[in-house]
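K.L.:
For the protein sequence lines, the chains are A and B, in the order given. Numbering of the first sequence is given in numbering that gives the first Met the number 0, commencing with residue 0 and proceeding in unit increments. Numbering of the second sequence is given in numbering that gives the first Met the number 0, commencing with residue 0 and proceeding in unit increments.
A hint or two may mislead.
[To be verified] Below, a sample of chain B positions facing chain A; criterion: calculated Cβ distance under 8 Å:
#, residue
1, Ala70
2, Ser74
3, Phe152
4, Asp257
By construction, these hints were calculated from the structure, which means they are not laboratory data. A quick note: this is a predicted structure, and the numbers were derived from the prediction, not measured. Glycine included, every Cβ here is placed at the ideal spot set by N, Cα and C.
Okay, here's what each chain looks like letter by letter:
Number of protein chains: 2
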Amino acid sequence: MIFRDEAHTVELLSEAAFEGIDIAFFSAGATRSREFVPAALAAGARVIDNSSAFRMRADVPLVVPEVNPDALTESDRLLAVANCTAIILCVGIAGLRTLGRFSRLIVSTYQSASGGGAQMMHHLEEATRAYLDPTHPTPAPIPGLPEYAFNLFSHNTPILENGYNDEENKVIAETRKILGMDDLPISATCVRVPVLRAHSESVTLEFDGPAPSVEDVRAALDSAPGVTVVDDRALNHFPTPRLASHQNDVLVGRIRQDLSNPNAVQLFLCGDQLLKGAALNAVQIAELALEKGFIKS
Amino acid sequence: MIFRDEAHTVELLSEAAFEGIDIAFFSAGATRSREFVPAALAAGARVIDNSSAFRMRADVPLVVPEVNPDALTESDRLLAVANCTAIILCVGIAGLRTLGRFSRLIVSTYQSASGGGAQMMHHLEEATRAYLDPTHPTPAPIPGLPEYAFNLFSHNTPILENGYNDEENKVIAETRKILGMDDLPISATCVRVPVLRAHSESVTLEFDGPAPSVEDVRAALDSAPGVTVVDDRALNHFPTPRLASHQNDVLVGRIRQDLSNPNAVQLFLCGDQLLKGAALNAVQIAELALEKGFIKS
Chain A
0 MIFRDEAHTV ELLSEAAFEG IDIAFFSAGA TRSREFVPAA LAAGARVIDN SSAFRMRADV
60 PLVVPEVNPD ALTESDRLLA VANCTAIILC VGIAGLRTLG RFSRLIVSTY QSASGGGAQM
120 MHHLEEATRA YLDPTHPTPA PIPGLPEYAF NLFSHNTPIL ENGYNDEENK VIAETRKILG
180 MDDLPISATC VRVPVLRAHS ESVTLEFDGP APSVEDVRAA LDSAPGVTVV DDRALNHFPT
240 PRLASHQNDV LVGRIRQDLS NPNAVQLFLC GDQLLKGAAL NAVQIAELAL EKGFIKS
Chain B
0 MIFRDEAHTV ELLSEAAFEG IDIAFFSAGA TRSREFVPAA LAAGARVIDN SSAFRMRADV
60 PLVVPEVNPD ALTESDRLLA VANCTAIILC VGIAGLRTLG RFSRLIVSTY QSASGGGAQM
120 MHHLEEATRA YLDPTHPTPA PIPGLPEYAF NLFSHNTPIL ENGYNDEENK VIAETRKILG
180 MDDLPISATC VRVPVLRAHS ESVTLEFDGP APSVEDVRAA LDSAPGVTVV DDRALNHFPT
240 PRLASHQNDV LVGRIRQDLS NPNAVQLFLC GDQLLKGAAL NAVQIAELAL EKGFIKS
């Protein structure tokens, strides 16, 4: 295939394919990662895995370079890229750790079709076309997915014993791991919305004591890596998924004191699920490893 | 005009039009209500006003018949229909008052285009058509509205001094008034999503003490008026706006203990913004007044 005017050979994946590879990026789902990551590691590659297969293993750091760069050490050969919603959340709030200790986090998400892959994006477009034009063929339903045209629904992953679905449990566990706060009380409600790309999150962040002022929050976010503050109250200009699409930064806005709790602030975040929520973060981990001298360029 | 096979005369509104009218329904916005409601009251009509004009006046009850029927007394001539988001929220949680005293409420909304009227619904459809088909004409933008096709945005009402927008402040104030809990701490984040009809709400409800069990919450909601529980964890079947559209009841699901606070429960609600959020509630107020004998049928 041609990428940036240069020809590259795409080969069928085999265990032998990892010979001489320094960094292997995996982005084909947990099943494929479980099958082939051991061979990549055995061949001496450093593996950066976008799937959920190894994320919660104690010996696998979950690195978001803007948030926990120190989690990456030289001996780490297998590195996992966190869940997209967790990454966007962590980047959005990490800059506020200097203002006080987090004591509770509540998030309701507005997740885009891209989180379900190209198939779900295509399905949303086709279902919407069919809704708007009865002569347009209705696409085959995706198993387990409610009607998607002009509709939203609770994230269609299995509900676990605790009443939270798989996505919500991932967001909770991975956010704790990334922030290095194993006991941080977190609640998540994950909802899929009819947006093609970029996830949004409504966040209540409680501190162990009175919340910092809006001015201090804004200043801390302004200097936080990977964050762009979009918060113009006079113009009513705040983050939207279309504004966040194709952007590397997480957009943060609606910064305000929580009227229901003097220890809390409210935020609204949008981040490109395919970039910072996945591919960009994977590349940033490789860049961080290079920068730290763990991989020779 | 013909309504249900019967011819009706539609007349231009004038102050004289209210002679002999028992119940006058107003549903043409706050400006029109402020202009003509006094004449309707002077002519002896009982007024049920769908606008925000009089909602927070101390002498105007904000009646949601399933929630606070006692707020309607014989001497009340002017009755207001609350904000759609507040009504749906109150109906969804009112049945839980028997299980403990509410101590805090946090809501993030997913509000549909219908809340912005027929014009906004049409705009969403046309903007989506233009997005999917570049040959389709792009509709004229609605002033102050971000791109709406496959996008969502913070509710486009002015941001007040406290950092909350006008819609959020309405939801907070009206929910307190409907529940009769003037000091209930409430936080709201109101977001417009690309859904045509029916609002959704992600709710964190805290109690003054340990939260009731999921079983008790489900039982209380099962017997709550105006509520249909849609909460099948095994089938991953929960409320969606398309499921709630054209239904009188508010759908409640995702019932679970809040993992971040032993005193809280989490819920996800959907309600038809045009029915229970507006027209249906107005008619129900009239029915309640008839039932109480305040209006002779």
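K.L.:
Indicate, hint by hint, whether the structure satisfies it.
P.N.:
Quick rundown of the hints versus the structure:
no.	hint	verdict
1	Ala70	24 Å, violated
2	Ser74	33 Å, violated
3	Phe152	5 Å, holds
4	Asp257	5 Å, holds
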